[in-house]
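All chains, full assembly: derive it from the sequences and hints.
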Amino acid sequence: MKLLVAVKRVVDYNVKVRVKADKSGVETAGVKMSMNPFDEIAVEEAVRLKEKGVASEIIVVSIGVAQAQETIRTGLAMGADRGILVETDVAVEPLAVAKILKEVALKEEVDAVILGKQAIDDDMNATGQMLAALLGWPQGTFASKVEVADGAATVTREVDGGLETVKLSLPAVITADLRLNEPRYASLPNIMKARKKAIDTLKPADLNVDVTPRLTTINVNEPSARKAGIKVPDVATLVEKLRNEAKVI
Amino acid sequence: MTALVVLDFDASGIKQPSRSAIAAAAKLGEVHVLVAGQGIGAVVGEAAKISGVAKVLVADDPAYAHHLAEPMAALIISVAGQYSHILQAATAAGKNVLPRVAALLDVQPISDISDVMDADTFVRPIYAGNALATVKSADAKKVLTVRASSFDPVPAEGGSAAVENVAAAANEGKSSYVGEEISKSERPELTAARVIISGGRGMQNGENFTKLIDPIADKLGAAVGASRAAVDAGYVPNDYQVGQTGKIVAPDLYIAVGISGAIQHLAGMKDSKVIVAINKDEDAPIFQVADYGLVGDLFTVLPELEKAL
Ligand SMILES: Cc1cc2nc3c(=O)[nH]c(=O)nc-3n(C[C@H](O)[C@H](O)[C@H](O)COP(=O)(O)OP(=O)(O)OC[C@H]3O[C@@H](n4cnc5c(N)ncnc54)[C@H](O)[C@@H]3O)c2cc1C
Ligand SMILES: Nc1ncnc2c1ncn2[C@@H]1O[C@H](COP(=O)(O)O)[C@@H](O)[C@H]1O
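Keeping their order, the protein sequence lines are chains A and B.
For the first sequence, position 182 matches number 182 in the working numbering, and the numbering has no gaps at all.
For the second sequence, position 150 matches number 1150 in the working numbering, and the numbering has no gaps at all.
No lab work stands behind these hints, which were simulated from the structure alone.
Where a beta carbon is used, it is the ideal one built from N, C-alpha and C, also for glycine.
Don't take each hint at face value.
As the list claims (entries may be wrong) - Here are the simulated DSS-like cross-link-like pairs (lysine-lysine), alpha carbons at most 25 Å apart as the crow flies:
1. Lys1307(B) - Lys231(A)
2. Lys2(A) - Lys197(A)
3. Lys1273(B) - Lys227(A)
4. Lys247(A) - Lys1273(B)
5. Lys1273(B) - Lys16(A)
6. Lys227(A) - Lys1027(B)
7. Lys107(A) - Lys231(A)
8. Lys241(A) - Lys1280(B)
9. Lys1273(B) - Lys231(A)
10. Lys52(A) - Lys203(A)
11. Lys20(A) - Lys1136(B)
12. Lys1049(B) - Lys241(A)
13. Lys1174(B) - Lys107(A)
14. Lys1211(B) - Lys1136(B)
15. Lys241(A) - Lys1307(B)
16. Lys231(A) - Lys2(A)
17. Lys1307(B) - Lys1219(B)
18. Lys167(A) - Lys1174(B)
19. Lys50(A) - Lys193(A)
20. Lys23(A) - Lys1307(B)
21. Lys1136(B) - Lys145(A)
22. Lys1049(B) - Lys1027(B)
23. Lys1174(B) - Lys145(A)
24. Lys1219(B) - Lys247(A)
25. Lys50(A) - Lys196(A)
26. Lys1174(B) - Lys2(A)
27. Lys196(A) - Lys20(A)
28. Lys167(A) - Lys1184(B)
29. Lys167(A) - Lys145(A)
30. Lys1027(B) - Lys247(A)
31. Lys1280(B) - Lys16(A)
What the hints assert, rightly or not - According to the in silico footprint, chain B covers these stretches of chain A (three or more CB under 8 Å from chain B):
32. 110-123
33. 130-136
34. 235-243
Printed below as a string of structure tokens:
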């Protein structure tokens, strides 16, 4: 089966972002960028399905600025076969991303799309669900285990009370949660090999998708800081403070 | 303007985060709620009593027994016409279903709102809560998930809503429920608890959670949470995870034990009223958000704390 994996270029998870002085957004200039961690997990899962002989081809797709090429290369170095960059300078919202991914999925006739459950920049947790809706496919979100057999995917999902397992007829959309796997580091030879793999570049207009945002950002603010606390010397003091000062126990 | 809130419930009743979602919806206009499931008479009764609810829509059908995203989204779409806003708490269920609804309506959803400015304008945290974005939607209908910890839940009692049955929507049957493994606990739920004690990698294993954290949780009537590291290492189940990509909590008291305080963890708990950190590393970032920090070895501190309570 053919798999499509969506990978987003985001501010690295180790960076503590700063709000811009004019409150128009967060500072991204000169900040380290990486593949969204959940998307690494999505790529890893696809590569494992290929290693098991379940998947035959893996396409990684990213929507964004020209530098998203690097994110695609990372996916190729992990084991994906080829890449597609849908290039735009617009900060594309999940609805438009889902519309683009839909067109790519149909054009490439894939049997499943794997995404991260959440991009750690916008924290939307929406694109996979929206893509599934637009395609009319079933969805297995927040996956911690995926098994593919007989034209169906059995997906174990991380839910509020624990785990839930659903069975989806293929084609389907799956979004990766943290416990699905531990993504590999690309080896140097694989990084070299990835340089030769093909990346096609398209524009949203080539897919007839309008990426005009529906949301306008009025402003972006720093959350209010907590006031500095104190260190207590021992348990007795802690309990005394919680009882008599904070009055929470 | 009328807002529809999709309710989350299980065998123990309607979830508290749903009453927070109703509180958010009440800022927008009249509030109707949707209860979908199988054999849900008791839940409907409970829903009709919630303060501020004008109408309860009921879809009692086997298709909704497990709240699968595909039939739930089809159902919500079938009743969406009359509503200006569709909301659900940002629970696992809400996050699963509402974006699907939004796409079917050609709407860009707004996830995890923490404030309502007006009918089109909402505040939501981005970048693990390191920034708060105020966004205005140009869509005719708004589809919103609600950060429950940011809205005081409306009272469970005091209302007397009308009840209206709605027909089940067509279901393509492309997904089916196989089973679940739900953690059983007598303790309060993380997202509703007044006190939470969470353990991290410093706990070293699951037995130490049972031996050292549980007795304190019992004394305080607290819920037990964890960092991602503790969940990944298998000390506790996935549903204990607090953080950017786990549960967002804001109890009166949050006690972090053997947790370093990575931004992803802080994202889930830094709005707690009082934070206590117990860590042997005096430079651990968790101390920067703690009201009361105790530098020490958790293996001596926790037994002492249990005795002192
Ligand atoms: C995409 C992504 C999403 C994530 N989402 C989340 C999330 O939702 N929630 C979350 O928690 N994390 C999340 N993380 C992980 C996060 O970055 C940290 O790795 C994690 O929170 C660390 O957990 P910890 O504090 O338990 O472990 P560590 O960082 O290893 O800290 C352990 C702490 O225990 C202390 N300690 C050790 N032994 C003792 C002792 N005997 N007594 C007292 N103190 C002791 C140490 O001093 C240390 O501070 C996410 C990461 C990524 C990349
Ligand atoms: N611009 C993008 N390019 C590629 N994939 C994306 C993009 N935006 C979102 N995704 C995918 O959708 C997932 C969820 O993103 P979000 O809904 O924004 O939280 C991510 O983990 C990616 O897999």
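Evaluation of the provided hints:
Of the pairs offered as hints, the one joining Lys1307(B) and Lys231(A) holds, with about 21 Å between alpha carbons and a cut-off of 25 Å not exceeded. Between Lys2(A) and Lys197(A), the direct Cα distance comes to roughly 17 Å. Compliance with the 25 Å bound is thereby established for this hinted pair. With a C-alpha separation of about 11 Å, the suggested pair Lys1273(B) and Lys227(A) falls inside the 25 Å cut-off, and the hint holds. The hinted pair formed by Lys247(A) and Lys1273(B) meets the criterion: a straight-line CA distance of about 11 Å does not exceed 25 Å.
A C-alpha spacing of about 23 Å is found between Lys1273(B) and Lys16(A), which places the hinted pair at or below 25 Å, so the restraint holds. Only pairs whose Cα atoms come within 25 Å are accepted, and Lys227(A) paired with Lys1027(B) is rejected, the gap being roughly 30 Å. Note on Lys107(A) and Lys231(A): the hinted pairing is violated, with a Cα-Cα distance of about 60 Å set against a maximum of 25 Å. For the given pair, Lys241(A) sits about 20 Å from Lys1280(B) by alpha-carbon distance, which is consistent with the 25 Å threshold.
At roughly 17 Å between alpha-carbon atoms, Lys1273(B) and Lys231(A) fall within 25 Å of each other, so this suggested pair holds. Restraint check for Lys52(A) and Lys203(A): the C-alpha separation of about 34 Å exceeds 25 Å, so the hint is violated. Distance restraint check for Lys20(A) and Lys1136(B): the Cα-Cα separation of roughly 19 Å lies within the 25 Å cut-off, and the hinted pair is therefore satisfied. For a cut-off of 25 Å, the pair hint linking Lys1049(B) to Lys241(A) is broken: about 39 Å separates their Cα positions.
A C-alpha spacing of about 22 Å is found between Lys1174(B) and Lys107(A), which places the hinted pair at or below 25 Å, so the restraint holds. Pair hint Lys1211(B) plus Lys1136(B) does not hold up; C-alpha atoms about 49 Å apart against a cutoff of 25 Å. Proposed proximity of Lys241(A) and Lys1307(B) is supported: the alpha carbons are some 16 Å apart, at most 25 Å. About 56 Å separates the Cα atoms of Lys231(A) and Lys2(A), which puts this hinted pair outside 25 Å; it is violated.
Only pairs whose Cα atoms come within 25 Å are accepted, and Lys1307(B) paired with Lys1219(B) is accepted, the gap being roughly 10 Å. For the suggested pair Lys167(A) and Lys1174(B), the alpha carbons sit about 8 Å apart, so the restraint of at most 25 Å is met. Restraint check for Lys50(A) and Lys193(A): satisfied, since their Cα atoms lie roughly 17 Å apart, inside the 25 Å limit. A threshold of 25 Å between alpha carbons decides the hint, and for Lys23(A) with Lys1307(B) the separation of about 49 Å lies outside it, so the pair is violated.
Proposed proximity of Lys1136(B) and Lys145(A) is contradicted: the alpha carbons are some 37 Å apart, above 25 Å. As the CA atoms of Lys1049(B) and Lys1027(B) are separated by approximately 19 Å, the hinted pair is consistent with the 25 Å bound. Under the criterion of a C-alpha separation no larger than 25 Å, the hint pairing Lys1174(B) with Lys145(A) is consistent with the structure, at around 19 Å. In summary, the hint linking Lys1219(B) to Lys247(A) is supported, as the alpha carbons are separated by about 16 Å, within the 25 Å threshold.
With a CA separation close to 20 Å, the supplied pair Lys50(A) and Lys196(A) stays within the 25 Å bound. This hinted pair checks out: Lys1174(B) and Lys2(A) have alpha carbons roughly 19 Å apart, not beyond 25 Å. Taking the CA atoms of Lys196(A) and Lys20(A), the gap is near 38 Å; set against the 25 Å cutoff, the hint is violated. Distance check on the hinted pair: Lys167(A) and Lys1184(B) sit about 24 Å apart at the alpha-carbon level, within 25 Å; holds.
Between Lys167(A) and Lys145(A) the alpha-carbon distance is near 12 Å, which keeps this suggested pair within the 25 Å criterion. The suggested pairing of Lys1027(B) with Lys247(A) is violated, with an alpha-carbon distance near 31 Å, which exceeds 25 Å. The straight-line distance between the Cα atoms of Lys1280(B) and Lys16(A) is roughly 24 Å, inside the 25 Å bound, and the hint therefore holds. Closer than 8 Å: that is the beta-carbon criterion, and the stretch 110-123 of chain A has 6 residues meeting it against chain B, so the requirement of 3 holds.
Counting residues of the stretch 130-136 of chain A whose beta carbon lies closer than 8 Å to any beta carbon of chain B gives 6, which meets the minimum of three for the stated coverage. With a cut-off of 8 Å between beta carbons, the stretch 235-243 of chain A has 6 residues touching chain B; three or more are needed, and the interface restraint holds.
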